[in-house]
Amino acid sequence: MKTLLIAIFLILALVLSAQAQQDSRIQMSGLDHLAAKANQTVDVNIDERLMRMAARVFDDKDEDEREVKKLIANLKGVYVKSFEFETEGQYAAADIEPIRTQLRGPGWTRLVNVTSKKEGMLEVYLLFNGDVVGGLAVLHTDDKELTVVNIVGPVDVDKLARLEGQLGIPDLGIGSPKNKTKNDEK
Amino acid sequence: MNDDYLWDKTGQPDPQIQQLEEILGTLRYQPRPLALPQKRNYFPLLAIAASLLLALLAGGIWLRVRSRNTTPPQQAKVETPTPSPEQKPEITPKPPETRAASNPPILARNRIHKPRSASSVLREREEALMAKEQLLLALRLTTQKLHLVHMKTQPNQIKNQHRVG
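Top to bottom, those sequences are chains A and B.
Using numbering that gives the first Met the number 0, the first residue of the first sequence is number 0, and each one after it goes up by one.
Using numbering that gives the first Met the number 0, the first residue of the second sequence is number 0, and each one after it goes up by one.
Within a straight-line C-alpha distance of at most 27 Å, the following computed DSS-like cross-link-like pairs (lysine-lysine) qualify:
#	chain 1	residue 1	chain 2	residue 2
1	A	K143	B	K151
2	A	K158	A	K68
3	A	K117	B	K151
4	A	K117	A	K143
5	B	K151	A	K158
6	A	K36	A	K143
7	A	K116	B	K151
Since the hints were derived computationally from the structure, they do not count as laboratory data.
Just so we're clear, the structure is a prediction, and the values are computed from it rather than from any experiment.
Please put together the full structure from these sequences, using the hints given.
So this is what it looks like as structure tokens:
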């Protein structure tokens, strides 16, 4: 009987640790109803299969595309839901709560939390499997915007940030006077 | 000492001999019935195997239920796409509904290893290009957000960098 209990305990531990390792995918289907209220919706669901397919059509001769291909090489999925609304108050805190609950789960660490009057609340979460980053989540909540980004798999955040200005990714001109507004910081 | 004692156990025994007899007597042959080894108890091993099977079964069911509940990955769509200058002319975004409907036949054909027709290859390439566009859009959005965070968290450093540059 003692052996049986130990075996069950070990199995449970194995299952839980395996689950924790692969659970960087965030369920966002609860936000789908907001699409009806939004005047602009971005909904991207790229799983591992589509990721591999997309990687095949990247041009290896192009340096920028080669960089992106390298970045996505080990990713398991990219999921985005973004809603832009005409007016304020189109979504409630309860709509985001399921996302937050998942991000409060084991392994997830909130790396950055920025709150500003102009840009709203921006949170960056990383999922760590030991010392390795196993996933990334970005949650942007504004009066008229709600964006959830979820990258599943070992993502290099530095490389991702360096993509600015490449492949149509706009160069935001960090630090330019028009972008920098000191007054909007809380 | 009587030597006959050692020969036929008659006469007066020597105390040392007696003591030795007592000590060694414990090792004397004692007839007893043949003890066959007991049948091995396989219950713990069977229990472990059954637990493993049950856990695997439960895990499989759970994963299947979970994947059914999630949105199908083929339904990648952007309702209001922002055209970028780098967009290649041959990439023509199709409505997501048609794309989602066209995915399963490609998969089914791949599974039975039939030679793929030119149209299916073309369709697969189209799907890959579409996925690439979606992926770039997602990366664009992610990068924007990360830069916004960067701007907000390191305003002074960025300002100084620009002054130097």
